[in-house]
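*Asks:* The chain contents come next:
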Amino acid sequence: MTEKIGVYVCHCGTNIAGMVDVEGVAKWAAERLAHRGVVIARDYKFMCSSLGQELIEKDIQELGLTRVVVAACSPHLHEQTFRTACARAGLNPYLCELVSIREQVSWVHTDKAAATAKAKAVLSGGVERVTHHAPLEPLRVPIHPATLVVGGGIAGIQAALEIADSGTRVYLVEREPSIGGHMAQFDKTFPTLDCSACILTPKMVSVGNHPNITLMTYAEVTKVDGFVGNFEVTVTQKPRYVKVDLCTGCGVCEEKCPKKVVDDIFEVGLGKRKVIYRPFAQAVPKYPVLDRENCTYFIKGTCKACEKFCPTDAIDFEQKEEIITLKVGNIILATGFDLFNAHRIPQYGLGRLPNVFTSLEFERLCNAAGPTNGNVVMRDGTTVPKSVGIIHCVGSRDENYHAYCSSICCMQSLKFAHLVRERTGAEVYNFYIDMRAPGKGYEEFYHRLLEEGVHFVRGKVAEVSAFARLPGEEGHLIVQVEDTLIGKQRRIPLDMVVLSAGLEPRHDAKQVAKVFGISCSADGWYIEKHPKLDPVATMTEGIYIAGAVQGPKDIPASVAQGAAAAARVMGRIQQKEIALEPVRASIDETRCSGCRICNALCPFNAILYHADTAVSEVNPALCQGCGTCVAACPAGAISGTGFSDEQVLSQMEGLLLRNLQPVEV
Amino acid sequence: MTANGKPKFAMYWAAACGGCEIAVLNIHEKILDVDANFDVVFWPVAMDAKYKDVEAMPDQSITLCLFNGAIRNSENRHIAELLRRKSKILVAFGSCACEGGFPALSNLTTREETLRTAFSTVSTDNPQNLRPQPNYTVPEGELDIPHMYSVVRPLDQAVPVDYYMPGCPPESEQIAAVVELVIKALKGEATLPAAGSVIGAGHSTVCDECTRTRNEKKITGFTRIQDFRPDPALCLLEQGILCNGPATRNGCTARCPMAGVPCVGCYGPTDGARDFGGRLMSAVASVIDSTDPQEIERILDQIPDPVGSFYHTNLAGSLLQASKPTWEEDQHAAHHD
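Protein chains in written order, with our numbering: chain A, 1 to 665; chain B, 1001 to 1337.
Hints may contain errors.
[Stated by the list, open to error] Rough simulated footprint, nothing fancy, chain B against chain A, three-plus residues with beta-carbon under 8 Å: (1) 599-612; (2) 633-640.
[Said to hold, decoys possible] Not everything, but these chain B residues come out facing chain A in the computed CB check (under 10 Å): (3) E1173; (4) G1221; (5) F1222; (6) R1229; (7) D1231; (8) A1233; (9) L1237; (10) L1319.
It is worth saying that the hints were derived from the structure and are not from the lab. Glycine included, each C-beta is placed from N, C-alpha and C at the ideal position.
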């Protein structure tokens, strides 16, 4: 055994020492693993403290250690800490191995003797493994200063503005004709009740005018190649049939277009729009789009009213889809959410009972720029309701639909209650399971509503029906609910019911995740690198997430994430180059026979097949070291740095304590 | 060296089918080179010899011993130890000696079950239900027959081995080349590879020698060659035929897949792979073209006899061998028949 290995066992206060005989483990390693190269084994209260790290550094220098094994927490937490300590003492950081005796031992066991035995085994595995480590150097790649932001809702807008203000180029790609997202559809925002448009549109205008922002609406990202610092993004620009360099946004075309269709997107079916249209008056960019599906010219070959009246000849019926390639260094995904489809809960009557509305429909009813000019009226368009019920948690906190809490619905429902009281003076019932008001000023808003005379019924609504049974129910919607605070079933007759639908991932979230090579949860929310400490980064270097794409959140949280993702990207751009973890897969071309089993597996598209030599190759800058191809290669021709068969098998031998010499008794 | 000055050659079959022996004879006129260059001292299939003659030879007096067949019973082990002692170069010859071969698939079941299958299933003509008796008394005295062990082992689990020559059987061209190499080495005209090496085979996989067209792999179902007419030019695995070629060491000129028959993997794992079946299963599972767990299950269920397919000739040499009994336990079990 030529290596000189130092072993350091951490107490982690009582986190480890409470369940593992830490001193015993260190002593055992010094005696029983000495023949495997262990020259020193120490235990310490907190190895990660500066004193703990100095212990390691001192031993490396004084004892000439060539390998270090730290038995402490998960590598996720402190691998970097101990690697850096080794590097400070002149030892290549990759010659350090962190074995987890906290997450994998002390925290999951209740028998101290057994936990101690397991800690020894895990440590022994680490000692065997570290012998086969090789010194590694990180890969350095330059970072392209431009950034791609996908999604022009409030999170994407915030991110784009922050980065553009710092002086670098931003490409903001939005699928709809205008940026603004869901926030543009709202009337008021909770809990301050400021006008949504008043706070949003100035930001939209800034995006539209910003010299550093290239805005691409009515466009989608269809392909992403490359890797952190060097992405090549393919954007498909759908034809607007409007030449944007000529269009002044005067709106004459929209005015003259003779055909109206129901607007299912922005007005959620409550209002109509022209065939050539801007989704709303403050749309950014100001250029309209022509809806080809419904255009009389495209259907019948005649009309062209828009073309005739356009003062700048900006209408172009010949426009084609355009493919644009962008080079960017970092990407922020802020593609937002979809509203839960409340039709899925038939007992709530949406679509069957006319006066059952979704939350987004209600937002449009309240909005002064909406189809009713802000009048809260029933489906007939004129009758003002005398009583309104608002059902919380529709599709959320329900194991039949989504188990999670959508986080915004309680506050949104309170806002609705307030607006109903303000606009109509109607009686309002809020049906809630638990009132969740954890944000700044939220609880106060709840109390304000209590004082405004809103009725709160704690219970999950069983059904909304139109079957009158009792006096006073005739002609009303009847909400059947168990009022859990009085322990009684109640039937409450109401004129109008609003379903506060939860948030769910975009219907195409999984496909989009695949395009960008990131992972999403089973629900479809995008997964952050660390739920607490790295909420806007993803496991794919250079790709960040912001806003509701990561999980349900309200406007302040989305804005904060947009800014946070921007800060991360700006930090990256400042560094000009990035050091990539050298844990990479590589293919031994003499062993590769080009069977092509690995080719389609790489989630980062890092494997290239050379047809001429019939050999596959891994692009080390694209590879993230996930190991999928390493496991799949039937020939064993692919090895993962730091995870060679030798390393893994020797670790197993160590875990099984086959490395111990029998003790003389 | 013997009186005639020629180095000594031995070949032995343990638990084997005889195919390896045929493969050696199949080197045609090269067999004359063997005779010209070696003094064949022990080769039960080709000439008469007694174990006691071998026992009488000085240790290390046999220069080259090709040992084929697995270690199934106490006689196999005894001869393996004997030949190890008497030989300078001991070659594990063929799949059974290298990794247990397909007889080792009986390791999936018990010794008793194996005996039952051999001696008393419907297709066996054994009206008296006789079983081999380890000891039997006849008027001339007591007879012993070898004990059958509970598991099949490759040669290197019984004795240290110098070289491995895989194949079921090894290709005759490869045998001829190895014989030639040894002859040259003995004359000082070539050097032998490092001890423990695989000889008579390549260093990549069967796919390297297979000229069928290969694409990105996406498997939507498994089938067998008897059930449809495979495309003669396209990779068999891509057509849903479980071909072990991608995991199998080359050296056979991809004979089977080129003839439209899936590779069973007789040349064993490559230099980079420790466990043949494990590698192969991981690879095949990786290219199932579905993300739906039930669909994946349905596709994988179409593989008949997964262990027999993935570990066709490699089970005893795989990582799964860790659960085998010790020799002592095995010997003990045999005595309790």
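*Asks:* Could you run down the list of hints and mark each one as holding or not?
*Replies:* Evaluated hints:
1. For the region 599-612 of chain A, the assignment as covered by chain B holds, since 4 residues bring a beta-carbon within under 8 Å of that chain's beta-carbons and 3 suffice.
2. Only residues whose C-beta sits within less than 8 Å of a C-beta in chain B count toward coverage, and the region 633-640 of chain A has 6 of them, enough to reach three; the restraint holds.
3. Interface hint status for E1173 (chain B): violated, as the beta-carbon distance to the closest one in chain A is roughly 19 Å, over 10 Å.
4. Nearest Cβ of chain A to the Cβ of G1221 (chain B): about 17 Å, over the 10 Å cut. The hint is violated.
5. The interface hint given for F1222 (chain B) is broken, as the beta carbon of that residue sits about 15 Å from the closest beta carbon of chain A, more than 10 Å.
6. Evaluation of the R1229 (chain B) hint against chain A yields a violated restraint, the C-beta minimum of about 23 Å exceeding 10 Å.
7. Residue-level restraint check for D1231 (chain B) is violated (minimum Cβ-Cβ distance to chain A is 16 Å; threshold 10 Å).
8. Interface hint at A1233 (chain B): violated, since its Cβ lies 15 Å from the closest Cβ of chain A, which is beyond the 10 Å cut-off.
9. Interface hint at L1237 (chain B): satisfied, since its Cβ lies 8 Å from the closest Cβ of chain A, which is below the 10 Å cut-off.
10. The criterion of a C-beta within 10 Å of any C-beta in chain A is met by L1319 (chain B), whose closest approach is roughly 9 Å, and the hint holds.
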